[in-house]
Amino acid sequence: MGFREIKIEELSFNPFEKIGKQWMLITAGDESKSNTMTASWGGLGIMWGKRVATAYIRPQRYTKEFVDREMKFTLSFLPEEQRKALNICGSISGREVEDKWQFAGLTPYVTDGTVGVEEAEMILVCRKMYSQAMLPECFVGTENSDKWYPDKDYHTMYIAEIEKVLVRE
Numbered sequence: 000m001g002f003r004e005i006k007i008e009e010l011s012f013n014p015f016e017k018i019g020k021q022w023m024l025i026t027a028g029d030e031s032k033s034n035t036m037t038a039s040w041g042g043l044g045i046m047w048g049k050r051v052a053t054a055y056i057r058p059q060r061y062t063k064e065f066v067d068r069e070m071k072f073t074l075s076f077l078p079e080e081q082r083k084a085l086n087i088c089g090s091i092s093g094r095e096v097e098d099k100w101q102f103a104g105l106t107p108y109v110t111d112g113t114v115g116v117e118e119a120e121m122i123l124v125c126r127k128m129y130s131q132a133m134l135p136e137c138f139v140g141t142e143n144s145d146k147w148y149p150d151k152d153y154h155t156m157y158i159a160e161i162e163k164v165l166v167r168e
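Heads up, the sequence shown is in numbering that gives the first Met the number 0, so the first residue is 0 and it goes up one at a time.
Among these hints, one or two may not hold up.
[As the list claims (entries may be wrong)] DSS-like cross-link-like pairs, simulated, lysine-lysine; straight-line CA separation at most 27 Å:
1) K127 to K32
2) K127 to K17
3) K83 to K17
4) K49 to K163
5) K49 to K63
6) K49 to K6
7) K32 to K63
8) K20 to K6
9) K17 to K6
10) K127 to K49
11) K63 to K163
[Stated by the list, open to error] Restraint ranges, calculated between C-beta atoms of paired labels, are given here:
12) R82 to E168: 21 to 27 Å
13) Y55 to F12: 18 to 24 Å
14) Y55 to G112: 18 to 24 Å
15) L10 to K151: 35 to 41 Å
16) G1 to C137: 39 to 45 Å
No wet-lab data here; the hints were simulated from the structure.
Note that CB positions come from ideal geometry on N, CA and C, so glycine has one too.
Generate coordinates for the entire structure from the input sequences, incorporating the hints supplied.
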C-alpha cells in the first residue's frame, strides 16, 4: 500500500485536532540519513500568497539539524494505533539510539528530495521559506515565556510552503 497525491483543496480536517491532539512527526533528511520528532505545536494557513505550514523546533532537538540543513521537510500524520511510536519519537533523541526509526517501529519514506513516514495517513511535503529564532524580547508580556521557556530554550519557527499532499491509498 502506498500514497497518492491529492490537491490541497481536498483536505478537510480540524488542524487544532490534527496537530494539537493527534500530533505529527516533523521529518527531514535524505535517503542516507534522516531524523524525525513528534510535534504538537504548529499551524496551517496562508502567507505571502502561498499555502503554508508552520513548525516550531527547540534548539536541542536533533531533528533541527536536519531541518536547518535541508530545504525541505515533511509533516506526517499517523493513525491513533501509532501513538506509541509518536511517544517514542517525542521522548527519544536520534542521538541516543543507533536507529531511531527501528526503535520507534517506523519506516522512512523518501519522497520529493526529503523523507516522510511510511506509516502515515497523510504527509505534507514542505519547502522552507523562512526561519527565525523566537526571541524573549518579542513576547508580549511574560506569561508564555515564563511558562514554556524556563530554560530559555526558545523554539525556531519555520514557515514552509506546502508543495505536496500525500494520502494513504
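Hint check results:
no. : hint                    : verdict
1   : K127 to K32             : holds, 19 Å
2   : K127 to K17             : holds, 21 Å
3   : K83 to K17              : holds, 17 Å
4   : K49 to K163             : holds, 12 Å
5   : K49 to K63              : holds, 23 Å
6   : K49 to K6               : holds, 14 Å
7   : K32 to K63              : holds, 14 Å
8   : K20 to K6               : holds, 24 Å
9   : K17 to K6               : holds, 18 Å
10  : K127 to K49             : holds, 12 Å
11  : K63 to K163             : holds, 21 Å
12  : R82 to E168: 21 to 27 Å : holds, 23 Å
13  : Y55 to F12: 18 to 24 Å  : holds, 20 Å
14  : Y55 to G112: 18 to 24 Å : holds, 23 Å
15  : L10 to K151: 35 to 41 Å : holds, 36 Å
16  : G1 to C137: 39 to 45 Å  : holds, 43 Å
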